[in-house]
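Quick one: dock chain against chain with the hints and give me the complex.
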Amino acid sequence: AQSVTQLGSHVSVSEGALVLLRCNYSSSVPPYLFWYVQYPNQGLQLLLKYTTGATLVKGINGFEAEFKKSETSFHLTKPSAHMSDAAEYFCAVSETYGQNFVFGPGTRLSVLP
Amino acid sequence: NAGVMQNPRHLVRRRGQEARLRCSPVKGHSHVYWYRQLPEEGLKFMVYLQKENIIDESGMPKERFSAEFPKEGPSILRIQQVVRGDSAAYFCASHPGLGAYSPLHFGNGTRLTVT
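As given, the protein sequences belong to chains W and X, one line each in that order. Read in the working numbering, the first sequence has 96 at position 96, and its numbers run on one by one without any break. Read in the working numbering, the second sequence has 86 at position 86, and its numbers run on one by one without any break.
Isolated chain X (complex conformation) (with noise of 0.2 angstroms):
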């Protein structure tokens, strides 16, 4: 059984280019987070989503940054013309869906660095 994939683990990239973030829930999951966590910082929510629609953006900044969970296919956080700001791990976490008596499941996340 294969866990949440998130790829790629690291990713370099120079300000104003994007950031394009892949991740795979667990098999059967179709319920999707993203957390960022900086350095020395716990995890801050970002988006929460289901295969095809957005439940929650309320933690994701409104510019530069955008989710999709597609019928088909991974989950995408996508960020847009990056800052040395944006430099930090990203953590993608799957649900089976509410209700269900299941906790998140984390991948091992991306780490972003912006030069």
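Next comes chain W alone, as it looks inside the complex (with noise of 0.2 angstroms):
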């Protein structure tokens, strides 16, 4: 069965820092990933994704993620952190694309000045 981990419940960097949230994946075939991201009182908004091919992808707010098999991961970052990246970040995993979509716990992140 698939299964998402993000490490880090809570994140804090400084703004302009780097930002790295930790997500890692348990699949059984070559899965289909996501990066999402909520904002207070809304809904999830999809950052990223990979689905095949190149393994660097590249979203939307100068996100991108890098799909590294060996290491079952599948790590969102930002070069510069800005206070509107302040929210909660979600990775997702498909093994079925279309059905089955499994969530991680979330990470909050904080952005301080």
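Since the hints were made in silico from the structure, they are not lab data. Glycine included, every Cβ here is placed at the ideal spot set by N, Cα and C. A few of these clues could be false.
Computed list of chain W residues with no C-beta within reach of chain X, every gap over 12 angstroms [said to hold, decoys possible]:
no., residue
1, Val19
2, Ser28
3, Leu47
4, Thr51
5, Thr52
6, Thr55
7, Leu56
8, His82
9, Asp85
10, Ala86
11, Arg108
Distance condition first, Cα-Cα at most 25 angstroms in a straight line; then the derived DSS-like pairs of lysine-lysine [what the hints assert, rightly or not]:
no., chain 1, residue 1, chain 2, residue 2
12, X, Lys51, X, Lys27
13, W, Lys49, X, Lys44
14, X, Lys51, X, Lys62
15, X, Lys27, X, Lys71
16, W, Lys69, W, Lys49
17, X, Lys27, W, Lys49
Right under this line is the structure:
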């Protein structure tokens, strides 16, 4: 069965610092991987997705993630944090595209001035 | 292009009443998921529906909860005889269907408060 873990329920960074949010997955088949962001009182918005092909995926708002099969990881990074990046971030995996989306528990990102 | 529309955004019910949450998927999407989110917690899968068919309801409590996605109209999540523990944000997400290279598209949720 597929599953997702996100190390660190809460991450704090200073404005301008590197953002690194960790995601590890388990899957019996090549997975499809996603990162979503949730701002307060809103739904989830897709940041980026990995399906096939290039393992470094670029998303919106300057975020990117790298699929590393050997490490079963899909960590999310951004070179320089902005105050507007403060939100909850969810990693998700789908083995069968269109079914069985499994979400991680989420990581709350705080950006300090 | 309208995204996933959920209504109402906020719903207050007294214990014992019924709550009915509506979700209109992205146009052309035939699959709908419902998730529940409690404060400071992640998303918990509840049910996965295709039009006129429940595909997976393993995350939905057996009692008081039901969901449907009729051929015409929105998907409905119904909670009968609500209790305080049902207070949460309920999110709907839609998808074009199996095999489609598309992520889930989420609505802004319905926040249910049971008093």
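> Where does the structure disagree with the numbered hints, that is, which hint numbers, in rising order?
Replying inline: 3, 4, 5, 11
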